[in-house]
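Colleague: Spelled out from the first residue to the last, the chains are:
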Amino acid sequence: MSDDSNNINLTIDGQQVSVPRGTTVLEAARSIRIDIPTFCWHPKLKPAGSCRICYVEIEKARTLMVSCATDVAPDMVVHTASEKVLQGRKAVLEFMLMNHPLDCPTCDKGGECDLQNLTFKHGVDDSRFDFKKYRHIRDKNSTFDDLRIGSEIIRNQNRCILCYKCVRANKDIFGEQDLGAYQRGNITEINTPPGEQVDSLYSGNLVEICPVGALTNTDWRYKIRVWNTQTVDSVCSYCADGCNLTLWKDKQKIYRATSRRNDNIDEGWICDVGRYGYQVPMAEDRLTTPLIKKGDSQVPATWEEALGLISEKFKKIKDERGGVCIGGLISPNLDSLSLHTFSKFFRMVLNSNNVDFRAGYKMLPEKADDLYSKLTSLPFKISDIEKSDLILVLDSDLTKEHPIVNLRVRKAVTQKNASLFALNPITTQTGGIATDEMVYNIGTLHALLNGLCISLIDQNLTQYENARDLKNKLSPNTIEEASRISGIDVARINSLAKAITEVKNISLIAGELLTSSINREQLSGAIINLCLLAGIFDKGQVGVLSQAANSKGAEKLAVMPHLSERSILKIKQIWDKYPDNDGLALDQMIRSSIKEELDSMFIIGSNLMLEYPDGAVVKEGLEKLDFLVVADICETETTQIADVVLPLSTWVEYDSSFVNLESVEQKFKAAIKPVGFSLPAYQIINKIAQGFKTPLFETIDELIPEIKTLLQPDDSQNSFENCAIEYIEEKQNPEFEIPLLITNELHHFGYFTEKSNSLSNFCSEAFLEISPGLAEKLDVKNGSIIRVESEVGKINLPVKISEYIDNDVVRAYRNFSASPVNILQMRKRNIDRVKLTVVEGT
Amino acid sequence: MIIDSNKIQKVIDDSPQDKKQLIMILQNIQLEFHYLPKESIGLVSEYLGMPQSTVYSAATFYKSFSLVPRGENIIKVCKGTACHIKGADLIIDQLYAGIGIKPGQTTKDMKYTIEVVNCVGACAMAPVMIVNDKYFGEVKCNRATKLVKKG
Ligand code: SF4
Ligand code: SF4
Ligand code: FES
Ligand code: FES
Chain V
1 MSDDSNNINL
11 TIDGQQVSVP
21 RGTTVLEAAR
31 SIRIDIPTFC
41 WHPKLKPAGS
51 CRICYVEIEK
61 ARTLMVSCAT
71 DVAPDMVVHT
81 ASEKVLQGRK
91 AVLEFMLMNH
101 PLDCPTCDKG
111 GECDLQNLTF
121 KHGVDDSRFD
131 FKKYRHIRDK
141 NSTFDDLRIG
151 SEIIRNQNRC
161 ILCYKCVRAN
171 KDIFGEQDLG
181 AYQRGNITEI
191 NTPPGEQVDS
201 LYSGNLVEIC
211 PVGALTNTDW
221 RYKIRVWNTQ
231 TVDSVCSYCA
241 DGCNLTLWKD
251 KQKIYRATSR
261 RNDNIDEGWI
271 CDVGRYGYQV
281 PMAEDRLTTP
291 LIKKGDSQVP
301 ATWEEALGLI
311 SEKFKKIKDE
321 RGGVCIGGLI
331 SPNLDSLSLH
341 TFSKFFRMVL
351 NSNNVDFRAG
361 YKMLPEKADD
371 LYSKLTSLPF
381 KISDIEKSDL
391 ILVLDSDLTK
401 EHPIVNLRVR
411 KAVTQKNASL
421 FALNPITTQT
431 GGIATDEMVY
441 NIGTLHALLN
451 GLCISLIDQN
461 LTQYENARDL
471 KNKLSPNTIE
481 EASRISGIDV
491 ARINSLAKAI
501 TEVKNISLIA
511 GELLTSSINR
521 EQLSGAIINL
531 CLLAGIFDKG
541 QVGVLSQAAN
551 SKGAEKLAVM
561 PHLSERSILK
571 IKQIWDKYPD
581 NDGLALDQMI
591 RSSIKEELDS
601 MFIIGSNLML
611 EYPDGAVVKE
621 GLEKLDFLVV
631 ADICETETTQ
641 IADVVLPLST
651 WVEYDSSFVN
661 LESVEQKFKA
671 AIKPVGFSLP
681 AYQIINKIAQ
691 GFKTPLFETI
701 DELIPEIKTL
711 LQPDDSQNSF
721 ENCAIEYIEE
731 KQNPEFEIPL
741 LITNELHHFG
751 YFTEKSNSLS
761 NFCSEAFLEI
771 SPGLAEKLDV
781 KNGSIIRVES
791 EVGKINLPVK
801 ISEYIDNDVV
811 RAYRNFSASP
821 VNILQMRKRN
831 IDRVKLTVVE
841 GT
Chain G
1001 MIIDSNKIQK
1011 VIDDSPQDKK
1021 QLIMILQNIQ
1031 LEFHYLPKES
1041 IGLVSEYLGM
1051 PQSTVYSAAT
1061 FYKSFSLVPR
1071 GENIIKVCKG
1081 TACHIKGADL
1091 IIDQLYAGIG
1101 IKPGQTTKDM
1111 KYTIEVVNCV
1121 GACAMAPVMI
1131 VNDKYFGEVK
1141 CNRATKLVKK
1151 G
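If you read the sequences in order, they're chains V and G. Under the numbering used here, the first sequence has 323 at position 323, and the numbering climbs by one with no breaks. Under the numbering used here, the second sequence has 1065 at position 65, and the numbering climbs by one with no breaks.
Please keep in mind that the hints were generated in silico from the structure rather than gathered at the bench. Just to be clear, a hint being listed does not mean it is correct.
To be verified - Sample of chain G residues at the chain V side, in silico, Cβ under 8 angstroms:
id : residue
1  : LYS1038
2  : LEU1048
3  : GLY1049
4  : GLN1052
5  : SER1053
6  : TYR1056
7  : SER1057
8  : THR1060
9  : SER1064
10 : PHE1065
What the hints assert, rightly or not - In silico DSBU-like links for lysine-lysine, alpha-carbon gap of 35 angstroms or less:
id : chain 1 : residue 1 : chain 2 : residue 2
11 : V       : LYS416    : G       : LYS1020
12 : V       : LYS777    : V       : LYS800
13 : V       : LYS132    : G       : LYS1146
14 : V       : LYS132    : G       : LYS1140
15 : V       : LYS133    : G       : LYS1007
16 : G       : LYS1007   : V       : LYS171
17 : V       : LYS800    : G       : LYS1038
18 : G       : LYS1007   : V       : LYS800
19 : V       : LYS577    : V       : LYS316
20 : G       : LYS1063   : V       : LYS46
21 : V       : LYS781    : G       : LYS1019
As the list claims (entries may be wrong) - Pair by pair, the computed Cβ-Cβ distance ranges are:
id : chain 1 : residue 1 : chain 2 : residue 2 : range
22 : G       : LYS1108   : V       : ARG148    : 53 to 63 angstroms
23 : G       : ILE1002   : V       : ASN505    : 51 to 61 angstroms
24 : G       : SER1064   : V       : SER495    : 45 to 55 angstroms
Heads up, the beta-carbon is just placed ideally off N, CA and C, and yes, glycines get one too.
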């Protein structure tokens, strides 16, 4: 019966099964639906064989074997439920319960605990150990032995069965070192080293994989029993990775979010922003009714009043000055139905192309089919990252932008031996596992990429036929010059060039700094050159990653002006017409408003006052409008100045979809009813359209085929040509010389995450990250207040000294309403520069 | 007790900078201070470029390391099976009466620490007590305190 192929035949409980060599007995059994219990086994972790519950009997073996760590062998005969196995299992349970407190009634895991379920199944109702149980006592005055080991994690050591899943995942998957097992034997405990906390972005996963109630989350504890909740399939709304979630709710309240494993995307892990982000919709201060500005205050109104006013005003502007005098901005965190309806309203009802979603970008492109859009439309798959031999990360602090892509990159490097090169203006956490992390002088990435191209050409490492021609189009055009500008040694550039040509499969990943940069086109061109020279288009994938949960959807649904011919064609195909005006991108809308050419704006879900660079200009623009309508879930700096404020439902309150950075549309379901009188954006928009007597849809089913057409992948092949790339040093005002980077804080993606208690527990205020060297120079310590001043604004921020920052830059974090750092940014500057003054007395 | 971290650093600096020598470095520190002062975990982790959790695991895994200050004289009372049966508990009680501390504790003047250990391989002369490195066999419980003072 033996086999010469790579498959192995064996018998499990009398059934024949054939599985690939290297499969474990456990996996083989599960493949034919025979269940073997496990505690320490996890599909994404290496087997540890530490709990012994997965015992099986293998004929000819002397003892029971742990099935999770035993590979199949030809002609093996396995019994998974023989008398001996059951006895063994029961004994394992008896040992586990030896010191276990059996406090199921007060344990939050009760009802979904593997230990409880197995004990129930195997009927271990009595113990032969009649001595006093060992107890890890945390507090003599309390019945509960709870110890907070992380901002949101409570540990009860007595319940721990020492499966080490938490420690293993933390180390092997997340690359964190803040959890370990201490002492030994009976008194072994899982804990942080003294003085530390488990507070990485992935900490909540440790709770999720704990098979018992030893680790619990602060949000879920003692609030509800699991059997009183219902689950709803959802998708995370906080970044473009698109992790799948399960929401656990009862009536109008959501109690927690857990991962709904999708191996193409998240592999069963989610970041803490996604895990605790459900608390935002639960916020106390949601907007629940429309508000209309009367005099100096905004007073509650009915939907009829508010919608009546909006339709009347919009109609008047349209009739008198044209629909192009109204601008529309919608957040890319919104669902596909809403984004599509928004575009349809502007294009079909107002006959205007003034729609945009790009509130976070500097200086938006004003023409279609630019290099950047060409790059972003290339197919990219998160799961293909692990097929790469080499991963090149450009301009992205992955942990802070794409936590799950980051994990896939980690996996490729630590488990599949891929090499990683990270090119960033600051040291990043991901870079810690890189073969080489090149921290270049800020703003010089295209010079560095030129250097890389030249290196490929000069070392004769390219098959690209127009290489010589390309070289003449580059400036700098010697590797020495590129090295001088970027601050990266020639040797390092050369060895990266070599590495790129030596591998078979590459993933090139570019992130937010590129997308939001005003040098977007030049950087995209430089990437295209590199891909042409190194053949990356043919041997791998290029991902310029979109940021928000539905940025990709917004792009594909054409929620922006200046569309490519192809997109215009698609729109004509579904709506039979297309407005014959250019349309204004967000930038232009703000400028037109300052010039009083734009009369009104309709903003949905975007806090422009906090998001868009150059806060002062935004303020001036919005205040000059005759009529500003803002729909959002809570009051914001932008709703405060609106003429009409509309209460918006969040994504957990209706059915729709997001399109993740791989262009995969993922549907999600409503978990609760709309809060107060709030409505989903697509309904609000349709109601306004009804005021024009041109409803956009009767039922949402009508929109589905339209959306489907727009989301269809472009099968037309993109052809790429090499580009002239010139590095020009940006002029700077010598008074402001320190470059400032603005990014997401680790636990705050979007301006509402402050409303999540858990996320605020991780971090509740903005700060300025500076290098130890600079701290010494300024003579400041953590918490000292610094005044950060740019040419256009100033703000005070507490200091945090960080080893990730190099001497010559500082980093600040957006999304904190008390510290709007966007007022420091200048729209037309590539690099924001500031000067720092220590505020005395801190 | 306050221990100058510079002193700890000095002990560390005199040891080889090699991850494999972790245990030895911890031993050296303990030799100097009779225990592992809190700061030593961080300092060793930095010196060896090892996560604190790993250093802490090792420091807690081995019973011979102590993370709390210990007296100049370490009294070990064997509580292995043989010694247990032969009255180790009585020795412990007597020591409590004599010097006022229980296993795991240290006298206020930092002179004595009592620890309980498992079989030390001298069952034939149970019950066994070890004071510093001196073994006492067939200990009569009423003489325990005297032996300690003598040893
Ligand atoms: S805390 Fe939970 S996951 Fe960690 S070792 Fe204990 S039982 Fe396993
Ligand atoms: S924020 Fe991004 S990485 Fe985190 S759970 Fe949501 S989709 Fe996943
Ligand atoms: S699941 Fe196999 S030993 Fe734990
Ligand atoms: S039991 Fe004490 S020496 Fe063996």
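Colleague: List, from low to high, the hint numbers that the structure doesn't satisfy.
Modeller: Result: hints 2, 3, 9, 10, 15, 22 break, sorted rising.
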